[in-house]
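Protein chains: 4
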Amino acid sequence: MKYHLTQFRVRYSETDQMRVVYHGNYAQYFEVGRVEWLRNKGVSYKWMEENNIMLPVVSLSINYKKSAFYDDQLTLKTILKKQSTVKIEFDYELYNEQQELLTTGNSILVFVNMKTGKPIAPPQYILDLLNKIE
Amino acid sequence: MKYHLTQFRVRYSETDQMRVVYHGNYAQYFEVGRVEWLRNKGVSYKWMEENNIMLPVVSLSINYKKSAFYDDQLTLKTILKKQSTVKIEFDYELYNEQQELLTTGNSILVFVNMKTGKPIAPPQYILDLLNKIE
Amino acid sequence: MKYHLTQFRVRYSETDQMRVVYHGNYAQYFEVGRVEWLRNKGVSYKWMEENNIMLPVVSLSINYKKSAFYDDQLTLKTILKKQSTVKIEFDYELYNEQQELLTTGNSILVFVNMKTGKPIAPPQYILDLLNKIE
Amino acid sequence: MKYHLTQFRVRYSETDQMRVVYHGNYAQYFEVGRVEWLRNKGVSYKWMEENNIMLPVVSLSINYKKSAFYDDQLTLKTILKKQSTVKIEFDYELYNEQQELLTTGNSILVFVNMKTGKPIAPPQYILDLLNKIE
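Protein chains in written order, with the working numbering: chain A, 1 to 134; chain B, 1 to 134; chain C, 1 to 134; chain D, 1 to 134.
The shape of chain A in the complex, shown without the other chains (with noise of 0.2 Å):
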């Protein structure tokens, strides 16, 4: 499966004083979808940098079609849109409880030796838990 669901309940201080989840931190919300969807791959994000790899972010768009609101349960759909030996992009879809598409994502992340600061190829065993089919 190519994407994976993850739930999580707006925050009081994710609001901002239009009465709705400020724009910028979505950026957030997609960080934890990305974060579980490699979780379930088999992937922990926390052990790929104890070992050396990050992958920062470098490029993000966002879509905002409908708000969301304090303490709405969100789902969001994390879609791993493409991958190559060093990067690895994703899209991204949340949607309320009403199940109404609120925003749409995208990012671009690139697997970088932490040590170097160098874009690498992850290790295959990694390569082998993206693309392993389930």
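Source of the hints: derived by calculation from the structure; they are not laboratory data.
Values in this document were obtained by computation on a predicted structure and should not be read as measured data.
Don't take every hint at face value.
Claimed, not checked - Calculated from the model, a selection of chain A residues having no Cβ within reach of chain D, i.e. all distances over 12 Å:
id, residue
1, L5
2, V32
3, N40
Stated by the list, open to error - Some chain D residues near chain B, calculated using beta-carbon distances under 10 Å:
id, residue
4, Y3
5, R9
6, R11
7, Y12
8, S13
9, N25
10, V32
11, S44
12, E49
13, F69
14, D72
15, Y95
16, E100
Stated by the list, open to error - Using C-beta positions, here's what the derived DEER-type ranges look like:
id, chain 1, residue 1, chain 2, residue 2, range
17, C, A121, B, N51, 32 to 40 Å
18, A, P56, D, E100, 37 to 45 Å
19, B, K115, A, Q124, 56 to 64 Å
Cβ atoms here follow ideal geometry from the backbone N, Cα and C, with glycine treated the same way.
For chain A, the structure is supplied; the task is to place chains B, C and D on it using the hints.
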């Protein structure tokens, strides 16, 4: 002049454990940039909201080229890209003290009547201020 | 029962360059704790605000004993300490998966009428819910 | 002089749906205050971390008296309360443009060796800078 320069310093709270500015926090920086762009034109965004016009973001994109670090004194160039009756679009370029281009971004905002929640054309005097030649 | 346990995982965005949870972010955690404490009592804080009662924080204190780290699964114990007609006071204890006590906190909140901005006693049925014996 | 004044403007991202600064965000403001207090003494906190000394917060308390609002130009007074060999304690007073006292705070920080994770006395020249009479 179609652009405005804003300077600010990276706060500790804005970093993450990669020891750089958290990628989601650039949305806040861009917001500061366009609010100061507006102020420089003679338009207070706070005043706009008090007069029932808000400017929610409908799309945001960010490209991360180089990292910003704690305590860096950054310069944000906010550029009016396009403005129609109900929309306003900005480009952003973020530089560090060495004049390196760290991040570029784009966001589109829509003028919305806070009472109806519907897009509206802003009052003529706001449009006049936004379009005045300096 | 005077306390409620809430679990959540530390997000990447919540860390800072000390490689621990940023000390200011515990305020968000405590807020999640007391909202879930209320929900467990049958009171939705969202519903309270929709009915013009808000609960702003008037004091907050936090003691930091051990660090919380990225991806830690934390357990927050939210304890009702004291409740008078217009105030409500909570203690907080935050534990990691090894049952180590990381942080303790306390906050006092006041019931405020959102229209007048003045402290008020909440409606009797809210007080009844808050005080019911389980 | 034992205190330092810092000015900054409230960002939109710092508000919540009560239409005031989110109560957890004052921790960030106080941090900006003490970093500028240090800088004013000739000590760069960034430099300290580069030299393996960090200053984690071990306790924080905040009293909220009046709200700070979006776009307010705030003045933070950071006051050295006490300094021992390994600890440093600050009081904070936050004022708006009408000179109203909005918030008071206190935090205690400990000098820690980043390599060992243990409290240490900072080098003498840092102590000299911190204690110099102006």
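So, going through the hints one by one against the coordinates:
1. L5: The assertion about L5 (chain A) holds, with a minimum of 27 Å to chain D.
2. V32: Given that every Cβ of chain D is farther than 12 Å from that of V32 (chain A), nearest at about 19 Å, it holds.
3. N40: 31 Å, holds
4. Y3: 20 Å, violated
5. R9: With a closest approach of 8 Å, the R9 (chain D) hint holds.
6. R11: Where the cut-off is 10 Å and the nearest Cβ of chain B is about 6 Å from R11 (chain D), the hint holds.
7. Y12: 5 Å, holds
8. S13: Interface hint status for S13 (chain D): holds (4 Å vs cutoff 10 Å).
9. N25: 9 Å, holds
10. V32: 6 Å, holds
11. S44: For S44 (chain D), the interface hint holds, since the closest Cβ of chain B sits about 7 Å away, which is under 10 Å.
12. E49: Constraint on E49 (chain D) satisfied, holds at 8 Å.
13. F69: F69 (chain D) check passes; min Cβ-Cβ to chain B is 8 Å, inside 10 Å.
14. D72: Holds, because the Cβ-Cβ distance from D72 (chain D) to chain B comes to roughly 9 Å (cut-off 10 Å).
15. Y95: 19 Å, violated
16. E100: Violated, because the Cβ-Cβ distance from E100 (chain D) to chain B comes to roughly 18 Å (cut-off 10 Å).
17. C:A121 x B:N51: 32 to 40 Å: With a Cβ separation near 36 Å, A121 (chain C) and N51 (chain B) satisfy 32 to 40 Å, so the hint holds.
18. A:P56 x D:E100: 37 to 45 Å: 43 Å, holds
19. B:K115 x A:Q124: 56 to 64 Å: Hint holds: Cβ distance 59 Å, inside 56 to 64 Å.
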